[in-house]
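Heads up: the sequence shown runs through residues 62 to 440, numbered per the numbering used here.
Careful: at least some of the hints might be erroneous.
In the DSS-like style, the derived pairs of lysine-lysine whose C-alpha atoms are separated by at most 25 Å in a straight line are [unchecked claim]: (1) Lys-203 x Lys-218; (2) Lys-374 x Lys-427; (3) Lys-203 x Lys-235; (4) Lys-237 x Lys-248.
Listed next, with one range per pair, are the computed distances between beta-carbon atoms [stated by the list, open to error]: (5) Arg-234 x His-440: 32 to 38 Å; (6) Tyr-151 x Pro-359: 51 to 57 Å; (7) Asn-148 x Pro-339: 40 to 46 Å; (8) His-386 x Glu-196: 38 to 44 Å; (9) Glu-256 x Pro-359: 48 to 54 Å.
Simulated from the structure, these hints should not be mistaken for laboratory data.
As the structure is a computational prediction, the values presented were derived from the model and not from experiment.
Glycine included, each C-beta is placed from N, C-alpha and C at the ideal position.
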Amino acid sequence: MIKNKHIRLTSTALILSLIFAACQVNKKQEEPSLKSALEGKFYIGTAMNHSQILGLDSASLKVIKKQFNSIVAENCMKSEQIHPKENEYYFDLADQFVDFGEANDMYIIGHTLIWHSQAPKWFFVDEEGNEVSREVLIERMKNHIHTVVGRYKGRVKGWDVVNEAILDDGSFRKSKFYNIIGEDFIKLAFQFAHEADPEAELNYNDFSMAKEGKRNGVVVMVKSLQEQGIRIDGVGMQSHIAMKYPDIKEYEKSMQAFSELGVNVMITELDLSVIPSPFENDGADVGNRFKYSQAMDPYKDGMPDSAVVAFNKRYMEFFNLYLKHQENISRVTLWGVNDGNSWRNNWPIPGRTDFPLLFDRNNEAKQIVNEILIAAKNH
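Given only the sequences and the hints, what does the whole structure look like? Please build it.
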């Protein structure tokens, strides 16, 4: 009888252990995430860097898989990297990026096809170093876009076709593309992308979109494309925001102005800098650089509680705005996973310590994440 009692006790303990384990699994599965909380409202995404794409940053990859349902290539699809020489393409990293997205059921965004800042120099000159003709540059654009978009046809769901072509006053940026081709380079880029993948979402992307001049310039540009029968599906509002800029009301005006065009509004490249800026500017021109000083790096040892409270309040102003306009927003994309791999640590002053993202340097969710989850539940 004692032996049977021992067997019964052992069996009971085993059953209880299994029940406890099952509860722990269910608890883990039920833990809220950004993507589950925002499901049906808009995609929530992040940019992936080289080490994440290569699988070297496993901690960040866990965050990406759990929290996000959309990814964008931070650098590996920019023409300077993917097409550094006229007849040479480097697709290995981009292929791995797309493979990761598909394996994890992500909405994949390609970034970016035509951008003046990180375009290879050969695009614009012949073998002797002379500036190419309009016809030659158009052909090079066409070949580049057809090759890159065509390779990922049906796999990459959306493309930032043209990046940062409008200045803050609403005029066209006098880039090499503009100077050689004229404003038609934008129309041609969208035309070529549509030819390469008729089903892909085609977007225009730019910074300082809360400024009235740029807002009006982008509206005029989009209307011109639409009147010419050129397909454009969305406008991406780069949102490299700070504690004092942009003005939230002007930002909302731009969201409304773009949605009234009948295109999707996308919040792209979102991050919130809490450290001082050397200029009162809400742009994101990567060419701007300033020397390091300790006075401009106040939180090197961590943010004080008062700064955290202000940070959370400022972020929620924007997320509440996104939730308010969720019918017109297709996705919100953070520009990085955690504070440690954010470009804001090195721009516009290299070597600083910033805290612009939703996850800290240990990939732990900040308090703001829970606030977003609560807000999403109430909308």
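Results of checking the hints against the structure:
Under the criterion of a C-alpha separation no larger than 25 Å, the hint pairing Lys-203 with Lys-218 is consistent with the structure, at around 20 Å. Of the supplied pair hints, the one linking Lys-374 and Lys-427 holds, its CA atoms being roughly 13 Å apart against a limit of 25 Å. In summary, the hint linking Lys-203 to Lys-235 is supported, as the alpha carbons are separated by about 20 Å, within the 25 Å threshold. Proximity of Lys-237 to Lys-248 is assessed by CA-CA distance (about 16 Å); at most 25 Å being required, the pair is judged to hold.
Range check, Arg-234 to His-440: about 37 Å between beta-carbon atoms, so the 32 to 38 Å window is met. The supplied range of 51 to 57 Å is broken by Tyr-151 and Pro-359, whose beta-carbon atoms lie about 40 Å from each other. Against the hinted window of 40 to 46 Å, the Cβ-Cβ separation of Asn-148 and Pro-339 comes to about 42 Å, which satisfies the hint. A beta carbon spacing of about 43 Å between His-386 and Glu-196 agrees with the range 38 to 44 Å that was offered as a hint.
In this structure the hint that Glu-256 and Pro-359 lie 48 to 54 Å apart at CB holds, the actual value being about 51 Å.
Hint violations for this structure: number 6 only, all remaining hints satisfied.
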